[in-house]
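Colleague: This is what each chain is made of:
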Amino acid sequence: MTEMEPGEAGIDNLLRSSLAAPVPSLPPDFDQRLMRKVRRASQPFGRYHRLLFAGYGVTSVVTSAAVMRGQGLHWGPIALMVLGPLALAAALPWLRGAARPATRHSAG
Amino acid sequence: MDLDAQLVARAQSGDQQAFAELVRRHSARVFRLAVSILGREFVPEAEDVAQEVFLKAHHAIQSFRGEAEFGSWIYRITFNQAVNRKARVRFRSRHVDETALARAVAPEPAPDRRMEIAQRDAALAESIRNLPEVYQSALRLYYWLGAGVGEVAALLGVPENTAKSYLHRARKLLHAMLKEKGYSCD
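So the protein lines, in turn, are chains A and B.
Residue numbers are given in our numbering: position 18 of the first sequence equals residue 18, and the series is strictly consecutive.
Residue numbers are given in our numbering: position 114 of the second sequence equals residue 114, and the series is strictly consecutive.
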């Protein structure tokens with residue numbers, strides 16, 4: 001019970017009667033349902049998605065190399081333009097890991 | 001190192017059982033906090049919020065450094081998530097208020113008295129909705145969900161004296177608002 005000034009007792013009683021209602025609770029299977037979702041969310045790409053992603057990557061690299069070669073570019077600049085972004089993408093997780101100690105905990 | 005900190009460390013190294021234990025330890029309180037912000041007309045939404053909070057916490061557990069307790073961290077996520085959800089559901093139709101159901105089966109007072117009580121309760125509900133979020137949450141936790149001042153303080157992430165002062169100021173504001181609407185509660 002919190003300390004109350006004389007005039008507050010009336011509003012205290014009113015709140016007690018007006019807000020009296022059944023207290024809701026989570027369904028008993030909430031934890032299991034949630035953990036199923038957690039497991040699903042933390043699963044890495046499946047085999048099919050990995051194959052699809054790799055196929056898309058190879059096709060786009062070959063197509064862009066062929067188009068650039070068709071425009072008269074030499075293989076050196078073509079390799080640089082194709083492999084440069086790939087190297088950057090590969091280095092990103094490492095860069096993010098190196099920057100992590102500076103971040104404070106937050107999820108929102 | 002307390003149990004939560006040990007469980008967090010294990011969850012950070014990929015132990016899903018440890019995360020499940022954290023869920024088991026905190027889900028009821030996360031839900032109570034969510035429902036205290038959303039109100040009794042949005043209980044299913046509060047359950048959704050509780051689920052989103054744990055999914056978010058699982059996603060962000062690697063960035064949790066343990067500077068605050070896991071409980072405080074997850075209650076802060078819950079508060080923000082529930083306030084955001086409340087802003088989205090504000091104009092949606094409310095679910096059936098269980099108080100109305102409880103009163104429907106209770107012995108009825110005379111019709112004019114019933115009308116009077118209904119009008120006063122509606123005025124009170126409207127006044128509560130006009131209070132700042134932390135006051136609303138403190139009131140619902142204390143008067144509806146039966147939480148003690150200690151639990152109100154823990155869930156809102158404030159010292160007990162601050163929680164007491166939230167309740168005190170909320171009552172004073174409600175008293176003034178109801179008086180302005182022509183209802184006396186002395």
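Do not take every clue at face value.
Residues from chain B shown here face chain A by an in silico Cβ test under 8 Å; the list is partial [to be verified]:
| # | residue |
| --- | --- |
| 1 | Ala20 |
| 2 | Val35 |
| 3 | Leu124 |
Computed spacing ranges between beta-carbons, pair by pair [as the list claims (entries may be wrong)]:
| # | chain 1 | residue 1 | chain 2 | residue 2 | range |
| --- | --- | --- | --- | --- | --- |
| 4 | A | Arg36 | B | Lys172 | 27 to 37 Å |
| 5 | A | Ala79 | B | Ala28 | 53 to 63 Å |
| 6 | A | Pro24 | B | Ser184 | 55 to 65 Å |
| 7 | A | Gln32 | B | Asn84 | 21 to 31 Å |
| 8 | A | Ser17 | B | Pro44 | 19 to 29 Å |
| 9 | A | Arg16 | B | Pro111 | 19 to 29 Å |
| 10 | A | Gly72 | B | Val89 | 30 to 40 Å |
| 11 | A | Ala90 | B | Ala28 | 40 to 50 Å |
| 12 | A | Leu73 | B | Ala87 | 48 to 58 Å |
| 13 | B | Gly182 | A | Arg36 | 36 to 46 Å |
| 14 | B | Arg169 | A | Arg50 | 50 to 60 Å |
| 15 | A | Arg36 | B | Asn130 | 17 to 27 Å |
For lysine to aspartate or glutamate, the following EDC-like pairs were computed, each having C-alpha atoms within a straight-line distance of at most 20 Å [to be verified]:
| # | chain 1 | residue 1 | chain 2 | residue 2 |
| --- | --- | --- | --- | --- |
| 16 | B | Lys179 | A | Glu8 |
| 17 | B | Lys179 | B | Glu126 |
| 18 | B | Lys179 | A | Glu5 |
The hints are simulated quantities; they were obtained by calculation from the structure and are not laboratory data.
Cβ atoms here follow ideal geometry from the backbone N, Cα and C, with glycine treated the same way.
Colleague: Each hint should be assessed against the structure and marked as holding or not.
Modeller: Hint check:
The beta carbon of B:Ala20 is positioned within 8 Å of a beta carbon in chain A (closest approach about 5 Å), and the interface hint is therefore held. The closest approach between the C-beta of B:Val35 and any C-beta of chain A is roughly 6 Å, which is under the 8 Å cut-off, so the hint is satisfied. Residue-level restraint check for B:Leu124 holds (minimum Cβ-Cβ distance to chain A is 5 Å; threshold 8 Å). At about 47 Å, the beta-carbon gap between A:Arg36 and B:Lys172 misses the expected band of 27 to 37 Å.
Between A:Ala79 and B:Ala28 the CB atoms are about 58 Å apart, so this pair conforms to the stated range of 53 to 63 Å. Remark: the range hint 55 to 65 Å for A:Pro24 to B:Ser184 is contradicted by a beta-carbon distance near 32 Å. Our hint of 21 to 31 Å for A:Gln32 and B:Asn84 holds, since their Cβ atoms are close to 26 Å apart. Under the hint 19 to 29 Å, the C-beta atoms of A:Ser17 and B:Pro44, about 26 Å apart, fit the expected range.
Checked against the hint of 19 to 29 Å, the pair A:Arg16 and B:Pro111 passes, with Cβ atoms roughly 24 Å apart. For A:Gly72 and B:Val89, the Cβ-Cβ distance of about 59 Å falls outside the hinted range of 30 to 40 Å, so the restraint is violated. Remark: the range hint 40 to 50 Å for A:Ala90 to B:Ala28 is upheld by a beta-carbon distance near 44 Å. Between A:Leu73 and B:Ala87, the C-beta spacing of about 53 Å keeps the proposed range 48 to 58 Å intact.
As the Cβ distance of B:Gly182 to A:Arg36 is approximately 53 Å, the hint placing it in 36 to 46 Å is violated. Separated by about 57 Å at the C-beta atoms, B:Arg169 and A:Arg50 satisfy the suggested range of 50 to 60 Å. Under the hint 17 to 27 Å, the C-beta atoms of A:Arg36 and B:Asn130, about 40 Å apart, miss the expected range. Between B:Lys179 and A:Glu8 the alpha-carbon distance is near 13 Å, which keeps this suggested pair within the 20 Å criterion.
Taken as a hint, the B:Lys179 and B:Glu126 pair is honoured in the structure, with Cα atoms around 13 Å apart against an allowance of 20 Å. Restraint check for B:Lys179 and A:Glu5: satisfied, since their Cα atoms lie roughly 17 Å apart, inside the 20 Å limit.
Checked against the numbered hints above, the structure violates hints 4, 6, 10, 13 and 15; every other hint is satisfied.
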